[in-house]
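So the protein lines, in turn, are chains A and B. Start counting the first sequence at 1; every next residue gets the next number (this note's numbering). Start counting the second sequence at 1; every next residue gets the next number (this note's numbering).
A hint or two may mislead.
[Claimed, not checked] Below are the EDC-like pairs computed for lysine to aspartate or glutamate, each with C-alpha atoms no more than 16 Å apart in a straight line: (1) B:K204 x B:E97; (2) A:K50 x B:E224; (3) A:K50 x B:E173; (4) A:K50 x B:D177; (5) A:K174 x B:E127; (6) A:K65 x A:D90.
Hint data in this document are derived by calculation from the structure and do not stem from the laboratory.
Take a look at the letters that make up each chain.
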Amino acid sequence: MNTDSLNIAILEPSEIIFQGLSNLLLKSGKHFQIYRLDNLSGISSTAQFKPLDFVIINPGQIQNKNKEFIAVKKSLPDTNWIGLVYTFYDQQLLSLFDKTIHITDSLESINDLFHKLINSENQIGQNSEQENLSDRELEVLKLLVTGCSNKEIADKLFISIHTVVSHRKNISLKTGIKSQAGLTIYAISNKIIQIEDYQN
Amino acid sequence: MYQTNRKYITPDMKMSDLILDNPSILLLMEHFGLDLIVHEKTVIQLCDQNKINSKVFTAFANMYNGFSLSEVDTFTKNDIADIILYLRNSHNYYENEKYPEIRNYIQELYLKNSSAEIKLIDKFFDEYFEEVKEHLSYENRIAFPYFNELLHFSDSGKSGGGKHDFSVRDYSEHHTDIESKLNDLKELLLKHVPIQNDKTLRRKIIVSLFELEYDLTIHSAIEETILMPLIGNLEKNIN
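With the sequences and hints as input, model every part of the structure.
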């Protein structure tokens, strides 16, 4: 999950509650992009162009549509599903959500809930100030900027491609730099490689 | 560049007050093809006079003032033409003004600090600029004409269904890439590439990158969260 900006979709028919919730979220200091949904099918069409990190739903909107909701959930395994509860609902209905927010919850507890959900998925992201790369990550970086593919790096270091990918992810999280060309400049500026290595 | 007191704009406000509050509104006006001399006129007066949709203008102005999309307004099919006008003019600003400005700075930087890193930054930027140009030209040549065609079909009640090379997913991926490389440049110039006699110039580049990012972020949000859903609806109704 990208913590720079989180995409949240809200399915809530009341304008007042929607605006109130949006405002609270925007004040939390995190960078949220908020989308408003009119119905359950809006989730898939929104997720088509933006990966949704959180979907907040008034459970009334999925009542008698359990099957449809479960199918949508299945199609978006990386999304967190949060119920926005302000009246009595059957426990079975509420159990379809990962977490629930109650209308009387304090701002702190709502923030806390998001914070926990973000952290559980992305521990390194929260720690991006700690920029020190591990020895293994340095090795991967060196090979990467000299033009090796993931497969070549995996072969040279006797690790799986999956591990290479996960090292690369961590390198980008720690340095804040994603592109290979950018990482090359990073490596030269920080004397991880010599310019001659790169040119050869 | 940044609006801090988040004044919510309504069409009856005086344009000059908005600009004094947030000078980025000047750029927004330019993107709509509006004159910069505003006299004592209000937003709606200036928009009407220039046949600009004042609802779209006001909503975008609020985004420049720091409001999020969900707070600004809802849009309909009738707004699409003005949204495209705004996007096309911004493309012109990126391609002919902002990117070349940054590129000139980087070349100047190399004259003062001829290190290997700056040379690589120069190369990085050139390749990046080419990518951006390619994407802008894709939008100008393929995406926008396709949107206009859809609009035309939906107005005339005919069915569309012609072949096209447009894909919402590609569209969004390009944006992510453009924003992420811009971020790489900021990170590198701010944190890593060593400074030699280039403090003032470095500051100018970084500020320029921020200005570009500010406009680009709003631009992408408009395309992805306002325009794309409208286009999706048109497609659904026609096919």
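Next on the checklist: Need the list of violated hint numbers for this structure, in ascending order.
Outcome noted: 5
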